[in-house]
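Peer 1: So the chains spell out like this:
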Amino acid sequence: MPASPPAEEPALHVEELDVTYGRALSALRSVSLTVPHGGVVALLGANGAGKSTLLRAVSGTLRLHRGAITGGRIRYGDTALDGRDPVAAVRAGVVQVPEGRRVFAGLTVDENLRSGGLGLGRRSPALVRAGRERVFAFFPRLAERTHQAAGLLSGGEQQMLAIGRALMAAPRLLLLDEPSLGLAPLMVHRIAEVVREINAQGTAVLLVEQNAGMALSLADHAHVLEVGEVRLSGPAGELARTDAVRRLYLGEETGTDRPSDAGQGVA
Amino acid sequence: MTGLLDNLLNGLALGSVYALVALGFVVIFKASGVLNFAHGSLLLLGGYLTAVWHDDLGFAGALALAVLVTAAVAGALDRLLLQRGEPDPHAAHVQTIVTIGIDIVLVTDLARRIGGDLLSLGDPWGDSVRDLGPVTVADSRLAAVVVSAVVIGAVFALFRFTAWGLSLRAAAEDVEAAALMGVRLSRVRALAWCLAGALAALAAVFLVAFPAPGLERTTGQIALKAFPAAILGGMTSPAGALAGSMLIGLTEALVAGYQSELHVLGEGFGDVAPYAVMVLVLLVRPTGLFGTKGAARV
Chain A
263 MPASPPAEEP ALHVEELDVT YGRALSALRS VSLTVPHGGV VALLGANGAG
313 KSTLLRAVSG TLRLHRGAIT GGRIRYGDTA LDGRDPVAAV RAGVVQVPEG
363 RRVFAGLTVD ENLRSGGLGL GRRSPALVRA GRERVFAFFP RLAERTHQAA
413 GLLSGGEQQM LAIGRALMAA PRLLLLDEPS LGLAPLMVHR IAEVVREINA
463 QGTAVLLVEQ NAGMALSLAD HAHVLEVGEV RLSGPAGELA RTDAVRRLYL
513 GEETGTDRPS DAGQGVA
Chain B
4 MTGLLDNLLN GLALGSVYAL VALGFVVIFK ASGVLNFAHG SLLLLGGYLT
54 AVWHDDLGFA GALALAVLVT AAVAGALDRL LLQRGEPDPH AAHVQTIVTI
104 GIDIVLVTDL ARRIGGDLLS LGDPWGDSVR DLGPVTVADS RLAAVVVSAV
154 VIGAVFALFR FTAWGLSLRA AAEDVEAAAL MGVRLSRVRA LAWCLAGALA
204 ALAAVFLVAF PAPGLERTTG QIALKAFPAA ILGGMTSPAG ALAGSMLIGL
254 TEALVAGYQS ELHVLGEGFG DVAPYAVMVL VLLVRPTGLF GTKGAARV
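Here the protein sequences line up with chains A and B, keeping their order. Heads up: the first sequence begins at 263 in my numbering, then just goes up one per residue. Heads up: the second sequence begins at 4 in my numbering, then just goes up one per residue.
One or more of the hints may lead you astray.
Stated by the list, open to error - Listed next, the stretches of chain A that the computed footprint assigns to chain B, with coverage defined by at least 3 CB atoms under 8 angstroms from CB atoms of chain B:
1) 319-331
2) 343-352
3) 361-371
Because the hints were derived from the structure by calculation, they are not lab data. We put the beta carbon where it would ideally sit given N, CA and C, even for glycine.
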């Protein structure tokens, strides 16, 4: 855990955000949301709704996709994050776990973890070791595979590594992009437990998911994006009971009970 | 038998110098996705600067300064000419073409300055030779092997143990994921170009040392022989570049050494041999010796 609690408890504020790709394609329109300090907020929506775009805007990687913020503001605590590079986000304590895991396949597990701390500049070996111990406490499986190439891990292990890598930057806000994607139900369950545990240790989480069942069970608050706009938002429990969410994102016939292992969202 | 040992030693010396150049290609390609066609002109620049400065500064001083200046020029080329505007991972092809333009400008100017001259770099080895058991080797070649081994070892250590090396390898695997970790891509890139420039300047010294006659305006073209070496190695693998360079160096030395026996192939086959080897290897292993796509489980 980062040892220095900030004077003010920082929260992520996204205000009236507009994002455009290639100067023409509008991907987000006037999106606002807040992730309070220590909270878990879920962002639901179908493919192409703009979930990943929102995360890119926060983490500063829009430019790699020829996208740009054309309106609105993003603040984390006192730090403005709109139009900044990814280093600024990492330094501010906002770290993203990319969709599809994106571990460095040719690098070892250990090197992947080391890479997670690159944005923080030079750090004492003790601090790096403490970070690694924390990751291994979450994911003992990684500790057994430190010298193995990350590309040879199973999908679930790669997701663990991707989360562990982000934790090495000691984030205060973790942006998770579809952590359940392509994983077996048991592994989805395990990842959900870890996210809960990370949050319990004081890290706020913005969780982007198509697996609405998992996301709503973790989150305090949720937003539903549809074609670039926030369609619904509210406390996660309430949202889970609305007919639209149950039908579209929980894959339920309206009126039946929610199955325990909620299926993938329906576009 | 002595002939064979001589040829092998020559090949080793040539290969280790090519490795300095090929490593530069690989470092630049890994960091920026650019095939640096201006590498030969950087090499020529490093050699030229050493040649003009060695009278005043002595060989060591001139070489050190030339290495630094060439590194700075390479870094500046990347920062000022190639990395323009928005960071764009798809711009590598355009930037590769830009390096051709840079090469033309640099080579033209350096050729104008050098003219028809043969410049000495003032290296301390001269034409002295020594006996190592059954074979006789030029001191300059021994120096080439020793210095290259030390420098290449240092470069490999940089890759493995420094934050820059890790950043470079991570970015080569996945630019966006590396960016999300807070890797400053433009800085990592520029440093990679600096390193490649420094290696090229150093290689120039050994390429024009005895038994080569000296620095000519065409010296930079030797970089073209390191190009198949880098490709042989898979283009993204430093170890592959090293192996490829050794293969090319040995091929060239052996073909030159046994030229009379290879008369069927005509004169000057030594110049073609690197490319012939490259084609043969790529026929068997299309991704190069070490250039696997990376085993991945999804």
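Peer 1: Against the earlier hints, flag every one the structure doesn't satisfy and list their numbers going up.
Peer 2: No hint contradicted; all consistent.
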